[in-house]
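**Student:** These protein sequence lines map, in sequence, to chains A and B.
Just so you know, the first sequence maps onto residues 1 to 597 in our numbering.
Just so you know, the second sequence maps onto residues 598 to 755 in our numbering.
Derived by calculation from the structure, the hints in this document are not laboratory data.
In this text, all values refer to a predicted model and were calculated from it rather than measured experimentally.
The reader is advised that the hints may include incorrect statements.
Claimed, not checked - Chain B stretches covered by chain A per the calculated footprint, using a threshold of three residues with CB under 8 Å from any CB of chain A:
1. 657-669
2. 702-708
Stated by the list, open to error - Only some residues are given here: those of chain B computed to face chain A with a beta carbon under 8 Å:
3. Y636
4. Y638
5. G683
6. A685
7. Q714
8. G724
9. C726
10. V750
11. I751
To be verified - Quick list of in silico lysine-lysine cross-link-like pairs, DSSO-like style, CA-CA up to 30 Å:
12. K713/B x K19/A
13. K262/A x K621/B
14. K390/A x K669/B
15. K713/B x K741/B
16. K29/A x K741/B
17. K315/A x K497/A
18. K741/B x K558/A
19. K25/A x K677/B
20. K669/B x K457/A
Heads up, the beta-carbon is just placed ideally off N, CA and C, and yes, glycines get one too.
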Amino acid sequence: MAVKNYILVCGGTACESAKGDDIYKSLLKEAEAQGVADDVQIVKTGCFGFCEKGPIVKVLPEQAFYVEVVPEDAKEIIAETVIKGRIVERIQYQPEKGAKGEAFDIDNIEFYQKQYRIVLRNCGLIDPGKIDEYIARDGYAALEKCLFDMKPDDIINELKVSGLRGRGGAGFPTWMKWNFTKQVEADQKYIVCNADEGDPGAYMDRSTLEGDPHSVIEAMMIAGICVGADYGAIYIRAEYPLAIERLEVAMQQARDYGLLGKDILGSGFNFDLEVRLGAGAFVCGEETALLASLEGNRGMPIPKPPFPAVSGLFKEPTVINNVETYANIPAIINKGGEWFSKIGTEGSKGTKVFALTGKIKNSGLVEVPMGTTLREIVFDIGGGISSGKKFKAAQTGGPSGGMITEENLDLPIDFDSLTSIGSMMGSGGLIVMDEDDCIVDVAKFYLDFSVEESCGKCAPCRIGTKKLYEYLDKISKGKGELDDLQKMKDIGAAMKKAALCGLGQTAPNPILSSIDNFYEEYRQHIEDGKCAAGKCKDLVRYEIIADKCIGCTVCARKCPVNCIEGERKKPHIIDQDKCIKCGACYDGCKFDAIIVS
Amino acid sequence: MPVETEELKMTEGLLSFIEEWKEKPGNLIMVLHRVQEEYGYIPRNIAFELGKILDVPLAKIYGVVTFYHFFKLEKPGKHKVSVCMGTACYLKGGQDLIDELEQLLGVGCGGTTEDKQFSLEAVRCIGCCGLAPVLTVGNEVFGKLTTDMLPEVIAQFK
Chain A
1 MAVKNYILVC GGTACESAKG DDIYKSLLKE AEAQGVADDV QIVKTGCFGF CEKGPIVKVL
61 PEQAFYVEVV PEDAKEIIAE TVIKGRIVER IQYQPEKGAK GEAFDIDNIE FYQKQYRIVL
121 RNCGLIDPGK IDEYIARDGY AALEKCLFDM KPDDIINELK VSGLRGRGGA GFPTWMKWNF
181 TKQVEADQKY IVCNADEGDP GAYMDRSTLE GDPHSVIEAM MIAGICVGAD YGAIYIRAEY
241 PLAIERLEVA MQQARDYGLL GKDILGSGFN FDLEVRLGAG AFVCGEETAL LASLEGNRGM
301 PIPKPPFPAV SGLFKEPTVI NNVETYANIP AIINKGGEWF SKIGTEGSKG TKVFALTGKI
361 KNSGLVEVPM GTTLREIVFD IGGGISSGKK FKAAQTGGPS GGMITEENLD LPIDFDSLTS
421 IGSMMGSGGL IVMDEDDCIV DVAKFYLDFS VEESCGKCAP CRIGTKKLYE YLDKISKGKG
481 ELDDLQKMKD IGAAMKKAAL CGLGQTAPNP ILSSIDNFYE EYRQHIEDGK CAAGKCKDLV
541 RYEIIADKCI GCTVCARKCP VNCIEGERKK PHIIDQDKCI KCGACYDGCK FDAIIVS
Chain B
598 MPVETEELKM TEGLLSFIEE WKEKPGNLIM VLHRVQEEYG YIPRNIAFEL GKILDVPLAK
658 IYGVVTFYHF FKLEKPGKHK VSVCMGTACY LKGGQDLIDE LEQLLGVGCG GTTEDKQFSL
718 EAVRCIGCCG LAPVLTVGNE VFGKLTTDML PEVIAQFK
């Protein structure tokens, strides 16, 4: 009997953490119990992207899009949607526009409308644990094409026509990298996948590997065919156990199908892959540092040239790309470089996946064509600021990127436009800040990160990040001087020129991009000793308004250092000398009698 | 490396893993991962044994272990509380969670409680920013937290 319904359960990390697996098991159990196990296929897929409303369960063909599902909902989903074909309104997603209960097309909800999925083409559609489902969606067709119909030069040419640039950060043309490696004569060449996603607040690569691991495996094999390599390594963060597990399952299945290993599909081409674990060092996202780590050493970068394409892993020519770059490649081979080059902007082709997080209503994973504006991403897809407050800034590129202000919201985003405003594409973290966030505090957060992650090999980065942090720390404590701003600019400029690798060269970006755009905020910290957002604790004062205080004593009881005094039913007073500015009194007061200034 | 009182032995599983990886170039980090999986940290005498088997000086092993945040030199508590300090979690109050947990557990960030039940650490991005702010206890993830939810979270593991 043919299957009548498909139930897709999101198995991405966020949904999985929120009991996604229990939901999957409950659905299976209920389908069995209600006697419809044969009519319905229940699939655990990769990330749907709409993490804010997770866990998500989709039922086809009913177009049910259930959000914030709990395992107890399984009974109703089977009884109502699968058996009777009715939508369970209680958990059905409510689009902002449109009347309650009105039918809608999933692709038309605001979150998905402006998206275009190439990298995430299979995420949320197939079961990443089943190779057959990948194959059913043209999986390994590109491999076959490259093995039998295309010459290595044709592959390079297709990539060249496509205009694909590396998605790891710097945006180097992928065809050029491959071509360098291809042209070198060597007995041994390597293919490496950079899945060491260290940018805090970014999880594109994780979701891709969890939702569609075969796409990366297939692309690495294509790279192997193209440059003449027979061994590949995927360097992945040890903090991503689910992605590691799915990769290993996928590799085993590919081996069982004769798609990985010796004499692939009878072509005589050999290729095998290995998963290698990172161990928590941000600098290992830098390619030469990553290779040092793969060799079993401390992950420190070395000066380039020679580039890894010529002298990489164990000094052999090595193609190294990140997850998202690879995931694009099977699609380019299947549909042609022409097709890909029509998407995006003049200098940046294709799409970009962003992890949209921070003070945003619909946080999640979004894939948009290059050239989409930040306003479209934040307000149309992201649904605007979650707190209802004003947009303040958005940070792309994590600790390496800059802060984008309101006036640049309409700038079409691509590699070059972001660089022109002092930020960078980076790997795809996109963090939205509202008025409650202090720019000095956020810059300090990023510099703290860079200080900790600097490998210490070169002085500009080792000393520069530390000095920048010290200046910011001074400013955040109200002890800064206006002159410090110029000093930070000078140090930053020196680091950009002299640091050995991308980490040091880009570490000053969060400061350099914010000093001018948020000059007033820096000045307030320095001259007025004020932090308008109330984040810099040394500049904050909690006070009780006597007129509003009814003397309920809640604040005095909440205070961890007993610095609030006062009699019952009489206004209380905070002893400013003892106050540690934890804010417990402020959070606890039900009468708005405590103000932050 | 700190000196320990208990003398640990290499387990069968660990030895066969090392055997499998011994000849592969660049194996050190993979082997150290396996060691940490076994003991929860990298014990000194195991590192010493490892050096002999792999023919790597202890100094190099120490260098690698201390370079990477993931490897620990001291035994963690029974329950590892890891608070996410990725940017999204930071903006949504990750630091407040750490402050509160320090009070609750009576131990600084990076430390282990005296009864060896809990260790507290800050980690960079767990990758579920949609649930920010997030912490994990062992393999269990707790998301969209506020400070007053923490006593309940910790109580589950006491």
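**Student:** For the region 702-708 of chain B, do three or more residues have a beta carbon lying closer than 8 Å to a beta carbon of chain A?
**Tutor:** violated (count 0)
**Student:** Against chain A, is C726/B within 8 Å by beta-carbon distance?
**Tutor:** Interface hint status for C726/B: holds (4 Å vs cutoff 8 Å).
**Student:** Given a cut of 8 Å on the nearest C-beta pair, is the interface hint for G724/B held or broken against chain A?
**Tutor:** holds, 4 Å
**Student:** Does the interface hint hold: is I751/B within less than 8 Å of chain A, judged Cβ to Cβ?
**Tutor:** violated, 17 Å
**Student:** Is the straight-line distance between the alpha-carbon of K315/A and that of K497/A 30 Å or less?
**Tutor:** Given that 30 Å is the threshold and the Cα spacing comes to 27 Å, the pair holds.
**Student:** Given the proposed pairing of K669/B with K457/A, does the C-alpha separation stay at or below 30 Å?
**Tutor:** With a Cα-Cα distance of about 22 Å, the restraint between K669/B and K457/A holds, given a limit of 30 Å.
**Student:** Below or equal to 30 Å on CA atoms is what counts here, so check K713/B against K741/B.
**Tutor:** At roughly 27 Å apart (the allowed maximum being 30 Å), K741/B and K713/B satisfy the hint.
**Student:** May I ask you to test the interface hint for G683/B with respect to chain A, counting a Cβ-Cβ separation under 8 Å as satisfied?
**Tutor:** With a closest approach of 4 Å, the G683/B hint holds.
**Student:** Check whether the Cα positions of K25/A and K677/B lie no farther apart than 30 Å.
**Tutor:** holds, 27 Å
**Student:** Going straight from one Cα to the other, do K741/B and K558/A come out at no more than 30 Å?
**Tutor:** The hint holds at about 22 Å.
**Student:** Between K713/B and K19/A, is the straight-line Cα distance small enough, at 30 Å or below?
**Tutor:** Holds, because 29 Å separates the two Cα atoms, which is no more than 30 Å.
**Student:** Counting residues of the region 657-669 of chain B with a beta carbon closer than 8 Å to any beta carbon of chain A, are there 3 or more?
**Tutor:** Contact hint for the region 657-669 of chain B vs chain A: holds, 7 residues under 8 Å.
In terms of the numbered hints stated before, the structure departs from hints 2, 3, 4, 7, 10, 11, 14, listed from lowest to highest.
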